[in-house]
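All chains, please: the whole structure from these sequences, using the hints.
The listed protein sequences correspond, in order, to chains C and V. According to our numbering, the stretch in the first sequence is residues 1 to 452, in order. According to our numbering, the stretch in the second sequence is residues 453 to 819, in order.
Don't read these hints as lab results, they were simulated from the structure. Treat the hints with care, as some may be off.
Keeping only pairs whose Cα atoms sit at most 20 Å apart, straight-line, the calculated EDC-like set for lysine to aspartate or glutamate is [claimed, not checked]:
| id | chain 1 | residue 1 | chain 2 | residue 2 |
| --- | --- | --- | --- | --- |
| 1 | C | Lys278 | V | Glu719 |
| 2 | C | Lys49 | V | Glu552 |
| 3 | V | Lys615 | V | Asp642 |
| 4 | V | Lys713 | C | Asp251 |
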Amino acid sequence: MFDGLTGRLGDIFDRLRKRGALSEDDVNAALREVRIALLEADVALPAVKAFVTGVKEKAVGTEVLRGINPGQMVIKIVHDHLVELLGSQVEDLNLEAVPPVPILMLGLQGSGKTTTSAKIAVRLKNRDKKKVLLASLDTRRPAAQEQLRILGQQTGVASLPIIAGQQPVEIARRAMEVGRLEGFDVVILDTAGRLAIDEELMAEVVAIRDATKPVESLLVVDAMTGQDAVTVATNFNEKVGITGIVMTRIDGDARGGAALSMRHVTGKPIKLMGMGEKTDALEPFHPDRIAGRILGMGDVVSLVEKAAESIDKEEAEKLAKKLEKGGFDLEDMLSQMRQIRKLGGMGGMMNLLPGMGKIKEQLKNANIDEKILDRQEAIILSMTKKERKKPDILNASRRRRIAMGAGVTVADVNRLIKQYQDMSEMMKKMKKMGQKGLLRQGLGALMPKGLR
Amino acid sequence: MLNWFKKKPTPDAPAPQPVPPPAPLVADEVAVAAPVEAVDADPVVEAAPVPAVIPELEDKPEKKSWFSRLKDGLSKSTSRLTEGITGIFTKKKLDDEALEELEELLIRADLGPVTAARLTAGLAKTRFGKEVSAEEVKDYLATELQKIVEPVAQPLVIDPSKKPHIILLVGVNGTGKTTTIGKLARQFRDEGKTVWLAAGDTFRAAAVAQLKVWGERTGCPVVSRDTGADAAGLAYDAVEQATKAGADVLLIDTAGRLQNKAGLMEELRKIVRVIKKLNPEAPHTTLLTLDATTGQNAHSQIEVFKDMVAINGLVLTKLDGSARGGVLVALAEKFKLPVHAIGVGEGVYDLRPFEARGFTRALVGLE
Numbered sequence: 001m002f003d004g005l006t007g008r009l010g011d012i013f014d015r016l017r018k019r020g021a022l023s024e025d026d027v028n029a030a031l032r033e034v035r036i037a038l039l040e041a042d043v044a045l046p047a048v049k050a051f052v053t054g055v056k057e058k059a060v061g062t063e064v065l066r067g068i069n070p071g072q073m074v075i076k077i078v079h080d081h082l083v084e085l086l087g088s089q090v091e092d093l094n095l096e097a098v099p100p101v102p103i104l105m106l107g108l109q110g111s112g113k114t115t116t117s118a119k120i121a122v123r124l125k126n127r128d129k130k131k132v133l134l135a136s137l138d139t140r141r142p143a144a145q146e147q148l149r150i151l152g153q154q155t156g157v158a159s160l161p162i163i164a165g166q167q168p169v170e171i172a173r174r175a176m177e178v179g180r181l182e183g184f185d186v187v188i189l190d191t192a193g194r195l196a197i198d199e200e201l202m203a204e205v206v207a208i209r210d211a212t213k214p215v216e217s218l219l220v221v222d223a224m225t226g227q228d229a230v231t232v233a234t235n236f237n238e239k240v241g242i243t244g245i246v247m248t249r250i251d252g253d254a255r256g257g258a259a260l261s262m263r264h265v266t267g268k269p270i271k272l273m274g275m276g277e278k279t280d281a282l283e284p285f286h287p288d289r290i291a292g293r294i295l296g297m298g299d300v301v302s303l304v305e306k307a308a309e310s311i312d313k314e315e316a317e318k319l320a321k322k323l324e325k326g327g328f329d330l331e332d333m334l335s336q337m338r339q340i341r342k343l344g345g346m347g348g349m350m351n352l353l354p355g356m357g358k359i360k361e362q363l364k365n366a367n368i369d370e371k372i373l374d375r376q377e378a379i380i381l382s383m384t385k386k387e388r389k390k391p392d393i394l395n396a397s398r399r400r401r402i403a404m405g406a407g408v409t410v411a412d413v414n415r416l417i418k419q420y421q422d423m424s425e426m427m428k429k430m431k432k433m434g435q436k437g438l439l440r441q442g443l444g445a446l447m448p449k450g451l452r
Numbered sequence: 453m454l455n456w457f458k459k460k461p462t463p464d465a466p467a468p469q470p471v472p473p474p475a476p477l478v479a480d481e482v483a484v485a486a487p488v489e490a491v492d493a494d495p496v497v498e499a500a501p502v503p504a505v506i507p508e509l510e511d512k513p514e515k516k517s518w519f520s521r522l523k524d525g526l527s528k529s530t531s532r533l534t535e536g537i538t539g540i541f542t543k544k545k546l547d548d549e550a551l552e553e554l555e556e557l558l559i560r561a562d563l564g565p566v567t568a569a570r571l572t573a574g575l576a577k578t579r580f581g582k583e584v585s586a587e588e589v590k591d592y593l594a595t596e597l598q599k600i601v602e603p604v605a606q607p608l609v610i611d612p613s614k615k616p617h618i619i620l621l622v623g624v625n626g627t628g629k630t631t632t633i634g635k636l637a638r639q640f641r642d643e644g645k646t647v648w649l650a651a652g653d654t655f656r657a658a659a660v661a662q663l664k665v666w667g668e669r670t671g672c673p674v675v676s677r678d679t680g681a682d683a684a685g686l687a688y689d690a691v692e693q694a695t696k697a698g699a700d701v702l703l704i705d706t707a708g709r710l711q712n713k714a715g716l717m718e719e720l721r722k723i724v725r726v727i728k729k730l731n732p733e734a735p736h737t738t739l740l741t742l743d744a745t746t747g748q749n750a751h752s753q754i755e756v757f758k759d760m761v762a763i764n765g766l767v768l769t770k771l772d773g774s775a776r777g778g779v780l781v782a783l784a785e786k787f788k789l790p791v792h793a794i795g796v797g798e799g800v801y802d803l804r805p806f807e808a809r810g811f812t813r814a815l816v817g818l819e
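In structure tokens, the structure reads:
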């Protein structure tokens, strides 16, 4: 539904090809789109306004760099400003206090406090070698205490024994006491979810705060949160006082505008983000990733990292060596296709690539089958070893046989062979250019014509 | 007026006996019941001998009932909207600036930029340049919003010819599926129906225990397996057993999942596929729980869940907070899925029918 800022600004600036400094008109036209993009990404209105004003100041009069168009220039300014506001450096949890260090977890119902508590415990235990105690103060949701106990058990983190009937403040005191007596470094206090406007429950959490003097009070917020993020962050910050924010469900497809809203109203750092349901799926906050996502620019960094993780190094080296010798055969193409598959298929890659919004729409409209990779793999697998090594020998009758074997038409086989030829042409070009040439011409030089 | 909120829940329920507070009861029960069984052991049906009368649930909240909390919540969010509108329009001509501010107010209520722009444009067409009062503007807005939302305000009707009427609850993590099941179970039990529950969230730690507590509170048998068991198999057993027992309603819980996780969505399809083997019409109702604090991502949620498991109804949860669920307006327009109920708190009674007039008039601050 949303094609993001890149697409929007692309449309505006396609008509505008002049060089020189950005005029106020250019900037205003762009900022209208920026505003809508931010609102669609659920950035709260006050934050949007402040942001747009800030960008305008920076952008008007800026010289457009050679080699890029005004739209890209504006995007760069917008992106940089956004990263700056989101917090340019990564802030880790503060554990500078006499142990046991209390960490208080706060948030609305269903924002992910309990899971995040367990994740933080695992992180502190494995990375910082801390002895952590988990304590659930959630006496409201059925089986919430049990949930934290089980999570502790699964991850090998101690949890406070459950005493039925004990009230949250008492449990908090007992947790700190156990923490002191048994020599824990950190005590994580997981509270019940509460509405920021529920005076009674907010008073309860204030009492817990006063009884335990937490060093970190973390507000846990769902990345899908809408305009209400402002109310939630303001209320929790004013009434309880927070030291940082944890964004959860960043692995979903929400654009995560709440991050900017909450930074704007509280000024508190976003310290961590939840990236999945497993207990190790917690990462430090990456402002540039979230900035790119809010603007709908794709998550380039993530793609690079994901690629680094899932592409088999050995396989890649083997391929590189082969390329040096100039031989790229269908076996290599097959292994490449399998690598792509590991990255989540074409769709998965498209999601991560910037500027793909439009192409993705077109692909959708063209009804391109996601299973194309499967089919191509089947085609190559229907070839003999010899054919894969020496694709030149593929004559009409061989192609017919392969098509039968793979359950496709001869045209499909032809298409694959054409694709192979293009790729091998490209590889040769790359070799000729060498690394310097590649850098000068940019990756664009390698893209097939249609995509450039 | 907010008369739709005034339907007092079962005022004739017996006075609460001095029962221990629900929370400790929970912990106690859970500590005892946490059986270590083989993953694929036969499902356990908590043989709560279905009592004729629902056991005394929790004491009705006294100091702050759901009603007053709801009103608090409403006044918080609506007052902001109301003040804003009043601020713009008291004895003022409706000009571009005022319209822009109006648009922003709608955006702030999560209506989304597109819907907000359209409503504002509608106002501009009829009233531009005229003197308008805040009341008129609010009235216009409420009427427009109501027109959009009215068609989707439909109560959930249980088909008595289905034995049981199978309801599958799906949704993103933390939107309130299990809690909603508890409340629905209470409601159907009050209507005199026999209700069975299936603890289909076999992923999240203690989710099974959580549903069992709801089963006890509402006097409904719970079909369950241990955490980590196959959810589709559990659903199959639940359908089989509830059918054999001649239950009126079967509510199947599922694990929360983000809509962009293809593997998890496929798993959900499998649940549907498997229960269709026993009953080709099942599930008769597939409900998506939608958190009122959710912003524009709600579009993506509905799109994908509708595509994957053909959801045919919504429950809007957590409406007692400061978020008003304005995104629902755009959703109603785009997907036309019936909104069966709203969640307004954590207790068993905190489920109300969705009522368009109340929702929209409260949204713009008309009381």
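Going through the hints against the structure:
no. : hint                   : in the structure
1   : Lys278(C) to Glu719(V) : holds (17 Å)
2   : Lys49(C) to Glu552(V)  : holds (13 Å)
3   : Lys615(V) to Asp642(V) : holds (18 Å)
4   : Lys713(V) to Asp251(C) : holds (9 Å)
Of the hints listed earlier, there is not a single one the structure fails to meet.
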